[in-house]
Amino acid sequence: MIRRFGSSKRANQRYRLRAGAYAILPRAGKLLLTHQGGLFDEFQLPGGGIEPGESPLAALFREVFEETGWTIARPRKLGAFRRFTYMPEYDLWAEKLCHIYTAWPVRMISAPTEKDHSPVWVSPDCAKQLIANDGDRDFVARYV
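Numbers in this note's numbering are just positions in the sequence shown, counted from 1, shifted up by 259.
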């Protein structure tokens, strides 16, 4: 059974399964997060949705680069969780299946290509306070 975080499933709401891959990225005693500005204004683990036909690892490499500008190496899966949420950017009620990895941030290649995202290095304790998503926070707390 995969652990659920956040709100319970609403009785009369239809949800679309949306799988995603997200990374805990440690380096030199800090963690690399992404700050999403604009509509959300929140700190997150870098990552996002797995596109049709894409593997979770390919999505992880792509999403981390898009949101931080960093390349990564040596990904290792830590686990998964699910949550039910409304995604206003897609006008979608989603059952998110979040695959959580750890990986080594290798090098910053460019600025993030994803709109309103900025890379932020923080201490693990700070990350546990800043991250908006309960499931991501739980994985960070267990990782550190």
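Simulated from the structure, these hints should not be mistaken for lab results. We put the beta carbon where it would ideally sit given N, CA and C, even for glycine. Keep in mind that the hints are not guaranteed to be accurate.
Unchecked claim - Subject to a maximum C-alpha distance of 25 Å in a straight line, what follows is the list of computed PhoX-like cross-link-like pairs (lysine-lysine):
hint: 1; residue 1: 289; residue 2: 387
hint: 2; residue 1: 336; residue 2: 387
hint: 3; residue 1: 374; residue 2: 289
As the list claims (entries may be wrong) - DEER-style ranges, computed between Cβ atoms:
hint: 4; residue 1: 288; residue 2: 377; range: 35 to 41 Å
hint: 5; residue 1: 350; residue 2: 383; range: 18 to 24 Å
hint: 6; residue 1: 346; residue 2: 286; range: 14 to 20 Å
hint: 7; residue 1: 402; residue 2: 352; range: 17 to 23 Å
hint: 8; residue 1: 347; residue 2: 268; range: 33 to 39 Å
hint: 9; residue 1: 336; residue 2: 297; range: 17 to 23 Å
hint: 10; residue 1: 287; residue 2: 344; range: 30 to 36 Å
hint: 11; residue 1: 384; residue 2: 310; range: 29 to 35 Å
hint: 12; residue 1: 263; residue 2: 289; range: 17 to 23 Å
hint: 13; residue 1: 348; residue 2: 384; range: 27 to 33 Å
hint: 14; residue 1: 288; residue 2: 311; range: 24 to 30 Å
Consistency of the hints with the structure:
| no. | hint | result |
| --- | --- | --- |
| 1 | 289 - 387 | holds, 12 Å |
| 2 | 336 - 387 | holds, 19 Å |
| 3 | 374 - 289 | holds, 24 Å |
| 4 | 288 - 377: 35 to 41 Å | violated, 20 Å |
| 5 | 350 - 383: 18 to 24 Å | violated, 35 Å |
| 6 | 346 - 286: 14 to 20 Å | violated, 30 Å |
| 7 | 402 - 352: 17 to 23 Å | violated, 29 Å |
| 8 | 347 - 268: 33 to 39 Å | violated, 18 Å |
| 9 | 336 - 297: 17 to 23 Å | violated, 30 Å |
| 10 | 287 - 344: 30 to 36 Å | holds, 33 Å |
| 11 | 384 - 310: 29 to 35 Å | holds, 34 Å |
| 12 | 263 - 289: 17 to 23 Å | violated, 29 Å |
| 13 | 348 - 384: 27 to 33 Å | holds, 30 Å |
| 14 | 288 - 311: 24 to 30 Å | violated, 38 Å |
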